[in-house]
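**Q** Spelled out, the chains give:
Number of protein chains: 2
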Amino acid sequence: MDVVNIQEKFDLFQEQWSPKVIGELNGQQVLLAKVQGEFVFHKHDHEDELFMVMKGQLKLELRDRTVVINPGEFFTVPRGVEHKPVAEEETHLLLFEPLSTKHTGDVQADITKETYERI
Amino acid sequence: MDVVNIQEKFDLFQEQWSPKVIGELNGQQVLLAKVQGEFVFHKHDHEDELFMVMKGQLKLELRDRTVVINPGEFFTVPRGVEHKPVAEEETHLLLFEPLSTKHTGDVQADITKETYERI
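Heads up: the sequence lines are chains R and C, in that order.
Per numbering that gives the first Met the number 0, residue 0 is the first one in the first sequence, and the count goes up by one each step.
Per numbering that gives the first Met the number 0, residue 0 is the first one in the second sequence, and the count goes up by one each step.
By construction, these hints were calculated from the structure, which means they are not laboratory data.
These numbers come from a predicted model, not from an experiment.
Backbone N, C-alpha and C define an ideal beta-carbon position, used for all residues, glycine too.
One or more of the hints may lead you astray.
[What the hints assert, rightly or not] A short, non-exhaustive set of chain C residues, derived as facing chain R with CB atoms under 10 Å: (1) Asp1; (2) Glu7; (3) Ile21; (4) Gln27; (5) Val29; (6) Asp44; (7) Glu48; (8) Met51; (9) Pro97.
Use the sequences and the hints to build the structure in full.
**A** Next up, the structure:
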């Protein structure tokens with residue numbers, strides 16, 4: 000039961016594509032991630048996933064369009080919808096999703112993290 | 000499935016202590032609220048509630064201490080814990096909580112909103 004300062008948490012890690020847990024409530028988790036480059040197309044069959052951009056710019060490629068998310072904006076990918084995060088510059092994200100959500104969903108890739116560190 | 004710009008949503012309303020729904024996922028809702036002054040002490044028996052400060056400062060009085068939340072910070076009130084939001088200046092909040100969460104929890108007050116508008 001402490002106040003969480005989001006920027007202080009971002010300062011604790013540099014690794015990209017490796018979400019860190021900074022909060023947990025109602026079976027959901029709040030994650031931070033630093034991303035740059037291209038992720039893999041994947042989907043989560045049972046989890047909606049919220050991407051909030053804190054810095055930089057996230058492009059979420061969907062199969063039929065690309066969604067551009069700037070700082071101060073968020074987008075929710077509904078369960079079952081394939082998406083591929085892409086960021087040209089290093090981009091800082093806050094994610095909100097169920098504890099059960101797998102990093103790369105239905106896809107297993109080199110980039111896949113099996114567990115997330117809590118910071 | 001649209002990108003949500005948080006500041007643009009804040010610009011759509013002026014009413015204080017009247018949360019507006021700006022997102023919904025996994026049985027949870029994302030709310031915005033403008034608050035100033037004192038709310039009432041209340042608790043939610045079955046819902047954890049996340050308060051993120053976007054502007055201003057929120058003091059959350061608990062029964063044994065007061066938590067101060069500044070912009071870029073959040074605090075999660077666990078289910079069952081009595082809390083009373085207080086803000087000296089107008090403060091802008093982003094809340095994350097289950098859809099089932101009642102505005103003033105176990106307390107019925109003049110300030111209580113039975114439903115939240117979606118904006």
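**Q** Which of the numbered hints above does this structure break?
**A** Hint 6 is the one this structure does not satisfy, whereas the remaining hints hold.
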